[in-house]
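Taking the hints into account, I'd like the entire structure generated from these sequences.
In order, the protein sequence lines correspond to chains S and F.
Mind the numbering: the first sequence is residues 0 to 659 in numbering that gives the first Met the number 0, read in order.
Mind the numbering: the second sequence is residues 0 to 659 in numbering that gives the first Met the number 0, read in order.
In short, the hints are calculated from the structure, not lab data.
Treat the hints with care, since some could be wrong.
Since the list can't tell identical chains apart, any single copy or any two copies may satisfy a pair.
In silico EDC-like cross-links for lysine to aspartate or glutamate, where the CA-CA straight-line distance does not exceed 20 Å [unchecked claim]: (1) 623 - 300; (2) 648 - 40; (3) 42 - 649; (4) 277 - 630; (5) 641 - 102; (6) 277 - 628; (7) 623 - 282; (8) 32 - 21.
2 protein chains.
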Amino acid sequence: MKVTLSALDTSDTRFKPLVILELAQNVKEETRKWLEKKINDEKKNGGAQLLIRPLVEKCEEETLESQNLYLIGASNIRLLLGAESVGLVKECNDSTMRVFNYETRQNFKGFSDDNDDFLTMAECQFIIKHELENLRARDEKMIPGYPQAKLYPGKSILRRLLTSGLVTQVFPLHDKEALKKLEIIWYHRFKLKYQPLDTIRTYFGETIALYFAFLEYFTFALIPMAVIGLPYYMFDWEDYDKYVIFASFNLIWSTVILEVWKRGCALMTYRWGTLLMKRQFEEPRPGFHGVLGINPITGREEPLYSSFKRQLRIYLVSLPFVCLCLYFSLYVMMIYFDLETWAQEVHQESQFPELTNLLLYVPSIIYAIVIEIMNRLYRFAAEFLTSWENHRLESAYQNHLVLKVLVFNFLNCFASLFYIAFVLKDMKLLRQSLATLLITSQILNQIVETFLPYWLQKKYDLRVKKRMQALKADVDVTLYEQIILEKEKGTYLGTFDDYLELFLQFGYVSLFSCVYPLAAAFAVLNNFSEINSDALKMCKIFKRPFAEPSASIGVWQLAFETMSVISVVTNCALIGMSPQLNAVFPDSKTDLILIVVAVEHALLALKFVLAFVIPDKPREIQMKLAKLEFESLEALKQQHIKLVAESLKEEGREEEKKTL
Amino acid sequence: MKVTLSALDTSDTRFKPLVILELAQNVKEETRKWLEKKINDEKKNGGAQLLIRPLVEKCEEETLESQNLYLIGASNIRLLLGAESVGLVKECNDSTMRVFNYETRQNFKGFSDDNDDFLTMAECQFIIKHELENLRARDEKMIPGYPQAKLYPGKSILRRLLTSGLVTQVFPLHDKEALKKLEIIWYHRFKLKYQPLDTIRTYFGETIALYFAFLEYFTFALIPMAVIGLPYYMFDWEDYDKYVIFASFNLIWSTVILEVWKRGCALMTYRWGTLLMKRQFEEPRPGFHGVLGINPITGREEPLYSSFKRQLRIYLVSLPFVCLCLYFSLYVMMIYFDLETWAQEVHQESQFPELTNLLLYVPSIIYAIVIEIMNRLYRFAAEFLTSWENHRLESAYQNHLVLKVLVFNFLNCFASLFYIAFVLKDMKLLRQSLATLLITSQILNQIVETFLPYWLQKKYDLRVKKRMQALKADVDVTLYEQIILEKEKGTYLGTFDDYLELFLQFGYVSLFSCVYPLAAAFAVLNNFSEINSDALKMCKIFKRPFAEPSASIGVWQLAFETMSVISVVTNCALIGMSPQLNAVFPDSKTDLILIVVAVEHALLALKFVLAFVIPDKPREIQMKLAKLEFESLEALKQQHIKLVAESLKEEGREEEKKTL
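As structure tokens, then:
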């Protein structure tokens, strides 16, 4: 397969395609030429100074489908300069981590001028994405050929192209060899072992690697709980003193593991360099729209949207809608309880109790499926609403979305359990519901998330491959085939859903842990297979996602901590309600409640003290950060001493002149 | 009064004494000369490049007492360079706040090369202190003349001189005129008005101004509580629904005021420039000692002390000692209750109930005095122990000291109240004890802290002045007299005790607010006079303290927030115990407790949500900070674009060479 060299000024051998850009069908020739020039042009002329070439030559256009695909790459030096501009942190020869600096590049470990492997492919792709997104309009008032696609100075051209539909997608290319190696060590050989987190990070970037690290960590952290919980099931322990021990262990444990995770995470992200990475200035998110005005912070002309209008939308539309959804969710819950009662009645009146025994589980299973469906539907609504609220920054959008989704999912998943526990006070039903909900949702999730898409994907892949083979056998179509296959794959929408799943699982395990200790065991089993199915999903089903640097799991840390606080309250309440414990205090129920409340307060206080006392970063990392800080302050001081000497010398000279 | 010009290379007119350094009696001449040279020497030779001169000439030595006093000043340009080195933040002409930079000095508001008022006197003194403390040894192995006062490269010379007793004190000079003006607007004319916080800040620095700002804010914040509390006392309201309303208001109020304070504080410290000031690298604290070794962070030779030994000291000595003190405090409390019972008995058996009625208050008053004495004794012990723990950093020392003192003072002050409330369940006694403790401790504090020292000070001042007049009437002794007077004054040991007093007051007001709503009114009254007596203390009794920049009230914010959380628990418990509320639920005490616990949890949750929702910085400040961040990132980016252009051009040239 030949590729045209038009508009490229470097030799062919140096070009390595990293990112694919797909234009819409029938984009005007004028626009194509303009975009190619923009991407290729020098930085001082307002270009991105990257390399771009169409996937297929003009002459071949008719025979093959995708004349709208462009390959984007960059010269080695351009990538290194880009690494500096995004503030990438790399290891130095003295094994400290430092922000990459092109001028001092020789100090960095593994760097030599003729070495292309210094930056990983994922990093290169991240840099190219960053440069493309920062390709900004100067004097252009519109995208040439499309007067409706308006531009203003400083507007990101790629974002305008995407929102006006002229560019359909931009995605990074898989590295087939590296991917194959990764698959083999990651999940092909099924056995109990740690995941190759560093390799995952090299290939997919820090955000995804952190998710898998957290999933693995969380799974291992659940093992002690699962092991301690098993005998309760096996020996049918019903003594409440044993349950109290289990619950207390559980509550302290969950605090400890969340704190220890923070430390482990800091250790890992220090090694990966993201702990030291400075936050970039946040640009408005792609979907943000408004009337052109002067941004008071940047002094630039950009769309502005009044904060008051946004508040109105949030409080007059979004909030009532969320409340309505919550009400609806409770309504569905009541229907479930009606169904449950009906099933009980049928079972009791039935002449074949063995047959109708199964029927008892049916309402829970149906309810679990309904919950899953409602969660997914609500997710779309929440995304739509949050997008309509028109937040300026991606982070604000994410926070509002997470809040909406978490509140609803929490209520939707756990309301029925709270109702059974604290209104019906039926511990047997609680245990049964909890088990059905947990297991059903886990099975559903794995099917919907991974196996269904995988199966569909496989069918499509086969079709494309057959057509390829039929088309031409004389040309090397490897790259072409790879791109055609990848461009049709789904886009991985980020780790949100995966974390949410874990969050709900954590809720099932910890909220009612003293009633159903077996939950942890099920969660562990699920997570071992989840690691594999998520790995499969990342490698096979979706397009390669752009690597995103991140230093922690962000808002999820807070969400998990909140859940662990709530679980202290629920567990204490459950233990207080237990008939066994009530039998110990036959005369004074009041004393019992007071004791339970006191224990609860003590546990909560202990949790806060633990969270406060355990440092968020291990000593080793603290030392390394302090050392870096010291060095930069020292450098400043040296610079300053020079300045003082010079200035005072000058002053002296002036004095002399005056006295003369 | 003439002053010697030895070792000074600038003309006399430019010298303005800012800081006084007092040597010990009989310091060797060799050492004096060396120190003078060090302070005066150029920075590149390892000096501080400041101006120093003895207060009195050699010839007059015999007649006057203080030949050991030195005046320290600096040239204007030296101070400006020092301001840059400490990272002072000043207002620019475009009314933004920026870190002062000597090169761009013309951009700053109120700056001109012949204007000496750009830096306030307090700032100049802070800069001189910083430069003196950063005067470090180079090759010297010891202080000349004193082989036992060892030095090593990088050791702060002033700190070694202080620890070896060669320098007895270093303190800034008062500005008599400015002080007089400040006194007049601050407290001379007694009327209800805001304090001149900006003037206080200019004169005493941010840490002290922030304390007075917080004291004033806290007092005003208490007024609504005091106003709402008054009718309870006047009309003898005993309905518990009213108490519930008061307590609920109280709890929400305390959260709101603490959050709002954070915002006000950010607003104020932004204006003062300290919000933007970067934290300096922390040097070991003066008292820290250990074996010389290489510090892994700085790579410098300095004393090291094993963290393990410190932990041993903390857990094997300090912790048991604190526990012992706590036990002793509880023991004293039990004695107080015995006394209380005895007084009750005497009163009941007495034939003169009018006379013995007063006796009922005596045990509380004695106990309050004993508490105060124990607090003060414990404070010494805590300081000694924390110092013996040998913390490397001042911040670690402070944290350990604050923790020790807070725990003990909390228990010492409130244990008896908790005992009365929750064990004796005697609300009348609780109210009486609370009132006695609060009022006695407030009166005691004001006397011990201010009026006693003021009286002693005044007597001493008169004596000195008389002697001065007798000594010489022919010379202008203003400066001399001022220095002699000031050097004998006490040293202000920081805002710790003042905050602690407020903290305990906050506890008295909020912990049992639903039992004794009048507490807030007493606190308000006390604080109005506290403002004046503290102001008097700062202006008259103590030496002028060095200004310390700070951006918030630090650990005290956390302490107050913790107290407000604890007060939710205590108030809910008190309301739950009230007989009136119990009468509403005559049949089921269980329901009552459950409701109270539910309300308590809801209040706690509300507090956390409020703290989370109210942003710590006002929008205005957030915008300004974002703008600064944007500008610095933009500057970096521009620099980077230039670099890219140059580097790629070079690459192009090399390519050309290759192809040629």
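Violating hint indices (sorted, rising): none
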